[in-house]
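J.: Sequence:
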Amino acid sequence: MTENALEKARAAARGLEGERVVLGVDTEVVLDGLLYGKAAGADEAREYLSRLSGRSHEVWSGIALVEKERERVAATCTTVTFRELGSEILDWYLASGEWRERAGAYAIQGKGAAFVRRIEGDYWNVVGLPVALLIDIAPEILEGTTESGASLTSPVADT
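If you count the sequence shown from 1, you need to add 10 to reach this note's numbering.
Since the hints were made in silico from the structure, they are not lab data. Quantities reported herein were computed from a predicted structural model and do not represent experimental measurements. The hints are all genuine.
Ranges between beta-carbon positions, derived for each pair:
1. 141 with 80: 14 to 24 angstroms
2. 96 with 154: 40 to 50 angstroms
3. 60 with 119: 19 to 29 angstroms
4. 81 with 102: 40 to 50 angstroms
5. 150 with 27: 15 to 25 angstroms
Each residue gets a CB set at the ideal place from its N, CA and C atoms; glycine is no exception.
Produce the entire structure from the sequences given, and follow the hints as far as they go.
T.: Right, dumping it as structure tokens:
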């Protein structure tokens, strides 16, 4: 996932002028060594969520910061435990459409919070941006600039 995050950041950085920092993030859900990315459709989303039901899984995020010739990457993991998910709650969630474009077919910050029994680690990692890890690899963001003086408040392209 750090490779995907780095590719996203590099792609967004191409053609940008001036002092810019680009952040790329890639998140995957892992259960029993298998990756669960974005579900292709509602049936696959139901399958993913059914497999996660009543179990603990890992949410891994890779982040990458690209600034001129400097690149920084890191990864982090959060463990999420789901409650047992019956047909009614799955039907409700799938009908909401919230599962679309979500690793593991759920969004913890939305209706998907109803699935969660416990979380161990960084909540923001599960949302999709591990803020604590970002500050670890780039503490200068708290001041709004990088070591080279590039602004961190500039909009970033979504890739």
